[in-house]
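S.K.: Single-letter residue listing:
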Amino acid sequence: MVSKEEIMKIAILSKLFVADDEIDKLTKDMGEIISFADTINNAADEGVEFDNINNLSNAFREDEVVPSYDREKILKNAKDQDDGCFLVKNIMK
Amino acid sequence: MKYELVAGFETHVELSTNTKIFCSCTTAFGGEPNTHCCPICIGLPGTLPKLNKKVVEYAIRAGLATNCEIAEISKMDRKNYCYPDLPKAYQISQYDKPLCEHGYIALSNGRKIRILRIHIEEDAGKLVHRRGDTLVDYNRGGVPLIEIVTEPDFRSVDEAKEYVEKLQNIMRYIGVSDCKMQEGSMRCDVNISVRPEGSEKLGTRTEIKNMNSITFIAKAMEYEYSRQVDLIESGEKVIQETLRYDDVTNTTSGMRGKEDANDYRYFRDPDLVTITVPRSYVEEIKESLPELPEAKKERYVSELGLPESDAILLTKYRKVAEYYEKASEGTKNPKTAANFIIGQIFRSVETESEKEEFNVSVSAENLNELIMMLDSGKIKMNLAKSTLDKMLETGKKATELISESDMGGLDDSVLNDLCRQAVENNPKAVSDYIAGKEKAVKAMVGFVMKNSRGKADAALAEQKIIEIIKNA
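Top line first, the protein sequences correspond to chains A and B. Take 1 as the starting number for the first sequence in our numbering and just add one per residue. Take 1001 as the starting number for the second sequence in our numbering and just add one per residue.
Everything labelled a hint here was simulated from the structure, so no lab data went into it. It should be emphasised that the depicted structure is a prediction, and the values quoted were computed from it without experimental measurement. Worth double-checking, as some hints may not be accurate.
Cβ-Cβ distance ranges computed for the label pairs, FRET-style [stated by the list, open to error]:
| hint | chain 1 | residue 1 | chain 2 | residue 2 | range |
| --- | --- | --- | --- | --- | --- |
| 1 | A | Leu-56 | B | Tyr-1083 | 29 to 39 Å |
| 2 | B | Lys-1053 | A | Asp-38 | 19 to 29 Å |
| 3 | A | Asp-38 | B | Lys-1286 | 21 to 31 Å |
| 4 | A | Leu-56 | B | Thr-1251 | 44 to 54 Å |
| 5 | B | Lys-1201 | A | Glu-72 | 57 to 67 Å |
| 6 | A | Ile-33 | B | Thr-1215 | 49 to 59 Å |
| 7 | A | Glu-6 | B | Leu-1048 | 26 to 36 Å |
| 8 | B | Glu-1072 | A | Ile-34 | 46 to 56 Å |
| 9 | A | Asp-70 | B | Gln-1344 | 47 to 57 Å |
| 10 | A | Leu-16 | B | Arg-1130 | 40 to 50 Å |
| 11 | A | Phe-36 | B | Glu-1072 | 30 to 40 Å |
Cβ atoms here follow ideal geometry from the backbone N, Cα and C, with glycine treated the same way.
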């Protein structure tokens, strides 16, 4: 099961603010999600390669340059921009 | 108590492919911000990465050149962390199935630095921090990297320096990277711990991130070693942390609390299919690898009979070695070309990067022609040397600078005359010589050389002058 401490740790790593009165409910919900996901452990998996079920390999691209996008297009969806760059809030503390 | 340094390296090397690892944007260094970008490398939703074949090839080359085993099956994983230099909030890297494993690089003291793994991954974008905000340029985002991870096998700063230099030379020889540390195409993270000498147990380690010069690496390691020894001596503990080295103050300082491996939540990238590497492909790459600097150096010594110091200078850069091999081809003595290159041609290339490029005004073919003239006795060593200087200056061929009349040295009677004149015109040198100053004869040889415009055989002239003085 999931502990409250684990929920808080994940919240900090995800940069999410979790209010005190939300912790119990979140812990319960996360526990249920994880135990649901755990059902896959009961499946018969002998000899089954789960991480390559489509059996594909080596979809490569040749090393040939294609012109990049115009900068206006690249920055079009940026929330903020300056000097041809994406502008974000200062992340250095 | 005596302490031992224990260090391991993680080196990021930017591969010199034309395009990025998962899209067809150029990898060219610099450029206006965000002009080498497309929806894939800025991580827009709905895009799909497609792996550059050359990246796999180059990583295998690097693996083979460092004695690694090449995986038959490999895959890409997502390494999750939230920072604006990664537009997707994850870096596509390799976790548990890297392309290359279990290699080594041998050091000159006989020790081997084991290479744990080499994996491929994408580089992050560049951040410029300003007061209050941060500018993000994704030109570098998605440029292919290999990360070369060693075991904690380093026991001294000198070993670390030699390793970085060797690694740099090998990567350049096999053509997978220019390894320009100042441009960031080669960057080192160093894990350092100390332990009482003789102890088997590893001490708590710190990691110094992102160093881009061999001098800084050496200084940072020295500083960090004494800092840790001081801590232990004064009864304190070394804290496991990530450090930044400041080259101005020559100190290290903490960056951030290190997240454990689990916190990166590695999982397979479902957008990229498995990489399978047929053994025949590995063989093909092995065949195409050039002779590596270490093997070349040994061959120059054992087969060509060059002194080791010459062999080291000639093999350090691939272009110098190629030049030497062309220039000495078919000549009588392998040492002749080596002497010309080390003695005269190296004077025209000063910096390390100039040696790396080795764009000299005398082509290897032209030097070879000069040596052939020397070997066949058409010209003497003095003339060859002065001609080479002129060739370096003018870029002309030896045959353009040496006239027919210069060749074949001097007629014996002309040489006799010149020697006689030398004695007559230098009474002071003659008396000095008679008084026992053997070096005085050099002045008279100089006279002969000057008046024969370098055509005379200096050794023969010296012999004749001494004879004349003795018989007088």
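S.K.: What are the numbers of the hints the structure violates, in ascending order?
M.R.: 2, 3, 8 and 10
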